[in-house]
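Student: Next come the chains, spelled out residue by residue.
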Amino acid sequence: MATTKNLAPSTNALVGKSRKKRPSSKTTTIHPRGEFVGVEPKRTLGGIRVGDLLSFLGAAVAAYALTIVLATQVAPITGGIAFFVLWYFLFVGFYALLVSIDDTKTFVMDRVVAVLVSSLGVLLFSVLIFVIVFVIGRGAEALPYLSFYTEDMGFAGPLDPLSVGGVGHAIAGSLIQISIALAITIPLGIAAAVYLNEIPGRFSRFVRTIVEAMTALPSIVAGLFIFATAILMFGLPKSGLAASLAISVMMLPIMIRSADVVLRLVPQTLKEASIGLGASQWKTVWNVVLPTSRSGLTTSIILATARGIGETSPVLLTSGFTAELNVNPLESPMVSLPLAIFQFVKSPEPTMIARGFGTAAVLMLLVLTLFVIARIIGGMTPEKSARARRRRAEFFGWFATMARQLTSPIRRRITNAKEPS
Amino acid sequence: MLTDTPRKLTIIRDRSDKVFRGVIRAGGSTVLVIMVLVGSFLAYRASQALNKAGWSFFTEQAWEPDAGKFGIAAVIVGTILIATVAIAVALPLSLGTALFITEYAPRKLRSFLVSIVDLMAAIPSVVFGLWGFFFLQQAIVPVSRWISQYFGWIPGLGVTGVDPTDPLATTTVYTSSTFIAGIVVGIMVTPIVTSIMREVFSQTPVGEREGALALGATRWAMIRNVVLPFGQGGIIGGTMLGLGRALGETIAVYMIISPVFFIQPNILQNGASSVAALIALRYGESTEMGLSALMAAGLALFTMTLIVNFGASIVVSRSRSGAAS
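Sequence lines, in order, name chains A and B.
Per the working numbering, the first sequence runs over residues 1 to 421.
Per the working numbering, the second sequence runs over residues 1 to 325.
If you're looking for bench data, these hints aren't it; they were derived computationally from the structure.
Some clues are possibly wrong.
A few chain A residues that face chain B, going by a derived Cβ cut-off under 10 Å, partial list only [as the list claims (entries may be wrong)]:
| no. | residue |
| --- | --- |
| 1 | ARG138 |
| 2 | ILE220 |
| 3 | LEU370 |
| 4 | ALA374 |
| 5 | ILE377 |
Label-pair restraints from in silico Cβ distances [claimed, not checked]:
| no. | chain 1 | residue 1 | chain 2 | residue 2 | range |
| --- | --- | --- | --- | --- | --- |
| 6 | A | SER163 | B | GLU285 | 33 to 43 Å |
| 7 | A | ALA273 | B | VAL23 | 50 to 60 Å |
| 8 | A | PRO237 | B | PHE310 | 31 to 41 Å |
| 9 | A | GLN268 | B | SER111 | 57 to 67 Å |
Note that beta-carbon positions come from the ideal geometry of N, C-alpha and C, so glycine has one too.
With the hints as extra help, turn the sequences into a complete structure.
Tutor: Below, the structure is given as structure tokens:
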């Protein structure tokens, strides 16, 4: 019982104090078994230490001071970006120095990397948000006018104010082109993806490889292909249809690839259960595979749509340019939103540039809407959608009960009238 | 004695199944035909130009197809330079952001940040082009000047035709450069690269993470010894996919650069070139021969992105993290 010698007379008191006064490393405290020790206070593991905060702030201030000296005296620089970059590098250096005063190399490394990684993350998000805010901000002049969404540029010259003319023709053109492209790519793409999964073999492996290769096709080359074949060889005019074909060539591999991945995720046991119950392959695909992967397939279609609607380069080569509304995709040029942006900002007139930025804001809003829809559908697992269906059923069930209750006096009267007993 | 002979198993498919299999087989074949048609048509038309130009196609810098003097030396080098700058921007940014999202960001914020990154990947490139042309073009000039002044002795970072110490010297020499186009393309591909890396990092086995932490590793030590080795394939594969996108980017580059048809090694200096921008610039005025030459340039670009993409998919599928997906 040598250890009991070191025991403090009152263990409770020691535990209570231990946070303030650390027992020296030579004494080992062991509580005798069965004795009530009291409640060990919960220690916080995370949080910020005062020392950390001080070295952080100190590094920031020191780096700022040195940046000013360097930027004005030693190596003159101008512009906010250069100043900030210089400050940042100095800040990291100072921070490492300050941390190294009372921590080992391992911890210095850990701290510095934490700062670097966090600032890279924050930098990317601020740049991306800045891009969006900048575009919307520059386009804000054009956005409040109703005519911007409904009229075309047919009668609006470059010097006209923003209250005249708009991008209605480009909105219509984008919607028409993407609809035609979807009408081509959805049936073909889904059929091909189902084929890759349902009839495996050497040929389908070959198809998969080619499709994967085609996802690398630069969109401008897809445009060039349609320009050389459909327009120059077959004499199709530069039109909405040609643009849709170019977009389809670009979208098809993207859609097949993501739909293929989604279909591969359908559990094999589900398919086997269906086949085992005597269902044919077609019945299995229609009643098991497609419903199970419905949300994933929808997401892949919507994401491919978002890519297709924002592509400029294939459209640039194939659709031609017009300032007027054209709803006939078969002949005469038809402009789409990205192409309209591209044409607007070529002009030196400030109002035209504002129109370009406004159009970009409209296009981003369109993509955002598609993306949010994709997220909502994609976030739906089979259980979740089943729950939603049940909730809907409950809701309607509640309606039915209410209706029954409300009408019950009448019905009772009717039944009473029928059976006079 | 009775022996059990193997029975012959035949699948009898009913009519609906036959029709179904026929339809999807037709779908798959149609897609194959379209894709092969694109590739072979491109190759066929390109071969006309290639036959005329011969090997000089790869060494000639000028682009005058009707005079019979054309080659992709300048545009290919320009494309590679822009893509290199883009990857130099995108790799640290996306690696940092992916680690930030999976390891450092508050847990509640994570799914929101993931959605933001995925949304950014869907932003049209013309929007990034607008931002690059109207904002970055002016904002980056002091940085370019500063770099060329102090690091101009490094090959590629110098700028000719201007005295960097003269504060009143014209700044137009720093605009429309490879550097600016590269930064814009880099920011454009970063969300795509980030979302691949993040996906891989988040698949790191929890047991291995906790094991490292329990052995007393700091967060960075855990990341370096567990997360990064596990996600190696994703880092390389994601970067290569980003590179593929950067090589083929058209409109953002076209809006920013002022095209030149000689090898411009100084990335900070006005004048750059890219294959995609060349096609967008010259398709309209092209004659038969000019179009073939553009096809050849497009084919060269496609070959390059194809090699990069296949390399990426091989790297990802061979790596530990890619085995599951």
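Student: Against this structure, judge whether each hint is valid.
Tutor: Consistency of the hints with the structure:
1. ARG138: With a closest approach of 7 Å, the ARG138 (chain A) hint holds.
2. ILE220: 4 Å, holds
3. LEU370: With Cβ-Cβ at 8 Å, under 10 Å, it holds.
4. ALA374: 9 Å, holds
5. ILE377: 14 Å, violated
6. A:SER163 x B:GLU285: 33 to 43 Å: Holds, at about 37 Å.
7. A:ALA273 x B:VAL23: 50 to 60 Å: Since ALA273 (chain A) and VAL23 (chain B) have Cβ atoms about 24 Å apart, the given range 50 to 60 Å is violated.
8. A:PRO237 x B:PHE310: 31 to 41 Å: 37 Å, holds
9. A:GLN268 x B:SER111: 57 to 67 Å: Between GLN268 (chain A) and SER111 (chain B), where Cβ atoms are some 29 Å apart, the hint is violated.
Hint compliance for this structure: hints 5, 7, 9 are not met, and every other hint is.
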